[in-house]
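Asker: As given, the protein sequences belong to chains W and A, one line each in that order. Residues in the first sequence are numbered from 1 upward in steps of one, following my numbering. Residues in the second sequence are numbered from 1 upward in steps of one, following my numbering.
Keep in mind the hints are simulated off the structure, nothing from the lab. There's no promise every hint is true.
Part of the chain W face toward chain A, derived, beta carbon under 8 Å [as the list claims (entries may be wrong)]:
#, residue
1, Phe135
2, Gly137
3, Val171
4, Phe173
5, Glu206
6, Ala210
7, Val213
What you are looking at is a predicted structure, and each value in this text was computed from that prediction instead of being measured. We put the CB at the ideal spot given by N, CA and C, even for glycine.
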Amino acid sequence: MAKLLRWIFFGVIARFVALIVLGLNVRHRERLPSGGPCLLVANHNSHLDTITLMTLLPLKLLPRVHPVAAADYFLRNRVLAWFALKVIGIVPINRARSRPDEDLLAPVKESLGRGDILIFFPEGSRGAPEALSEFKGGVARLVERFPDVPVVPVFMHGLGKALPKGEAILVPFFVDVFVGEPLHYGGDRDDFLRELRQRMDALAAEGSFAPWV
Amino acid sequence: MIRSIQPQVLWTLGGILVALIVATIISQWLKRARPDKDYGELVQRVNSWWWMAGIFAVAVALNVNIAIGFFTFLSFLALKEYLSLIPTRRADRRVLFWCYLAIPIHYYWVYDRWYELFVIWIPVWMFLLVSARMVVIGDTKDFLRAVGTLQWGMLTMVFALSHLAYLLVLPERIGQTVGGAGLVLFVVLLTQLNDVMQYVWGKLFGRHKITPTVSPKKTAEGLVGGVLTTTALAVALAPVLTPLNIWHAVAVGLIIGIGGFLGDVTISALKRDLNVKDSGSLIPGHGGILDRVDSLTFTAPLFFHFMKYFYY
Numbered sequence: 001m002a003k004l005l006r007w008i009f010f011g012v013i014a015r016f017v018a019l020i021v022l023g024l025n026v027r028h029r030e031r032l033p034s035g036g037p038c039l040l041v042a043n044h045n046s047h048l049d050t051i052t053l054m055t056l057l058p059l060k061l062l063p064r065v066h067p068v069a070a071a072d073y074f075l076r077n078r079v080l081a082w083f084a085l086k087v088i089g090i091v092p093i094n095r096a097r098s099r100p101d102e103d104l105l106a107p108v109k110e111s112l113g114r115g116d117i118l119i120f121f122p123e124g125s126r127g128a129p130e131a132l133s134e135f136k137g138g139v140a141r142l143v144e145r146f147p148d149v150p151v152v153p154v155f156m157h158g159l160g161k162a163l164p165k166g167e168a169i170l171v172p173f174f175v176d177v178f179v180g181e182p183l184h185y186g187g188d189r190d191d192f193l194r195e196l197r198q199r200m201d202a203l204a205a206e207g208s209f210a211p212w213v
Numbered sequence: 001m002i003r004s005i006q007p008q009v010l011w012t013l014g015g016i017l018v019a020l021i022v023a024t025i026i027s028q029w030l031k032r033a034r035p036d037k038d039y040g041e042l043v044q045r046v047n048s049w050w051w052m053a054g055i056f057a058v059a060v061a062l063n064v065n066i067a068i069g070f071f072t073f074l075s076f077l078a079l080k081e082y083l084s085l086i087p088t089r090r091a092d093r094r095v096l097f098w099c100y101l102a103i104p105i106h107y108y109w110v111y112d113r114w115y116e117l118f119v120i121w122i123p124v125w126m127f128l129l130v131s132a133r134m135v136v137i138g139d140t141k142d143f144l145r146a147v148g149t150l151q152w153g154m155l156t157m158v159f160a161l162s163h164l165a166y167l168l169v170l171p172e173r174i175g176q177t178v179g180g181a182g183l184v185l186f187v188v189l190l191t192q193l194n195d196v197m198q199y200v201w202g203k204l205f206g207r208h209k210i211t212p213t214v215s216p217k218k219t220a221e222g223l224v225g226g227v228l229t230t231t232a233l234a235v236a237l238a239p240v241l242t243p244l245n246i247w248h249a250v251a252v253g254l255i256i257g258i259g260g261f262l263g264d265v266t267i268s269a270l271k272r273d274l275n276v277k278d279s280g281s282l283i284p285g286h287g288g289i290l291d292r293v294d295s296l297t298f299t300a301p302l303f304f305h306f307m308k309y310f311y312y
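Construct the complete structure from the given sequences, taking the supplied hints into account.
Answerer: Next comes the structure, spelled out in structure tokens:
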């Protein structure tokens, strides 16, 4: 049942929103993974980010694709938790430790170990619309454990205008999606984060986007 | 309900089919015969023409309501592309939402054959509503730019293009069988061929730049050759698809030829101002929707009001 709902949600509803209501201009689509394990790392401005990224991959990969999302936000009530876990298929993580020795990334590592394609937003939250904030360190700690897993950076523009944080009305805009070359962990967390950030800035520079004020 | 398609419309669609087959053969032949040159974009362009002609033919020939729905969606795509291209203010998100909402309402007047409201809904009612909604939000920084660009977009992408849809619902004329579908086919076909012909004449004989600051590739030779070819085609096609007499057909040919050119360079001016080459990437080989409907934003209302004044 939940499987069918998930298929309808991403196969029909999400694709209708992403391709008809919004409209995607995807550059370098061929750099997207054709299987797992893989980490899709994207900038985060809107709830539509996940939906858009999910529609970039073919439906046959859907059972393998899971967004990593904050447990405190998406599991805050039972209805939302059911929707987030069963339909969206999130891998929930806590943003703050309840015990000093808790490994916050444990569920993510387990999922990657199974060969999943995970969607990861290293900014941690949606932040101000169409602005890239500082990357958090989680993504580096994750690939440190899985150095063979390719990290594909994806830069998106337009979704923060269509549905920014705190707004309920969706306003259609065409969305630019720029996919970067896969990146691997080189042995140092700080270097990796810097490199990832540089790749993301280079992708953003492929378009010329005016700041949205 | 699908009405029977008139033979004149079918003949014209058959002619388009032949033209597309010829274009496909030529582009494929060029690609094989001259592998040293890159004809990839030409092949892509012709390929996209098949899609556009196919969708347009199905929408316009089958049923009036499907056609109105098609033009509603076309206006939506054009306005969305325009609003994604221009700088908009964060404060105006809700105003933009109203503008999108105005599209189906506007095309409802077409469906309802309510001409009086069709001609004032955007230039009067939306004109006032957009300003009012913006003032209520209260952000005065760049107010004039925001309200001006939004009104221009609504008039061009929704109001001007929608004249194609209203051609479909003009009252039937006694003794004339082709009706609205024939008129839409006539103006769209001539406008698109005019674009192609101005390009071809310009490539072959172009010497004198006509709009050096806006669109430097446009030449006087291209414009004149295109307008004359379009006028000749208008005279040939008018008896098949329209009630136009021969002198009116000449006038309409000139109007479509010159109007199409002006619509084209108007969107070029917009793109140059925004510093983009193509308005989007929706149509492979062509660019965006605006790159394809640019000429129609002028020819559709011009042709419509010519017909309305003299014939309906």
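Asker: Taking the hints in turn, state whether each one holds.
Answerer: Structure-based check of each hint:
A least Cβ separation of about 24 Å between Phe135(W) and chain A goes past the 8 Å threshold, and the interface hint is therefore violated. For the restraint placing Gly137(W) at the interface with chain A, the shortest Cβ-Cβ distance is roughly 30 Å, beyond the 8 Å limit, so the hint is violated. For the restraint placing Val171(W) at the interface with chain A, the shortest Cβ-Cβ distance is roughly 5 Å, inside the 8 Å limit, so the hint holds. With 8 Å as the threshold, the beta carbon of Phe173(W) comes within range of chain A, its nearest partner Cβ sitting at about 5 Å, so the hint holds.
Interface hint at Glu206(W): violated, since its Cβ lies 13 Å from the closest Cβ of chain A, which is beyond the 8 Å cut-off. Here the hint on Ala210(W) is kept, as its CB sits about 5 Å from the closest CB of chain A, short of 8 Å. With a least beta-carbon distance of about 6 Å to chain A, the hint placing Val213(W) at the interface is held under the 8 Å criterion.
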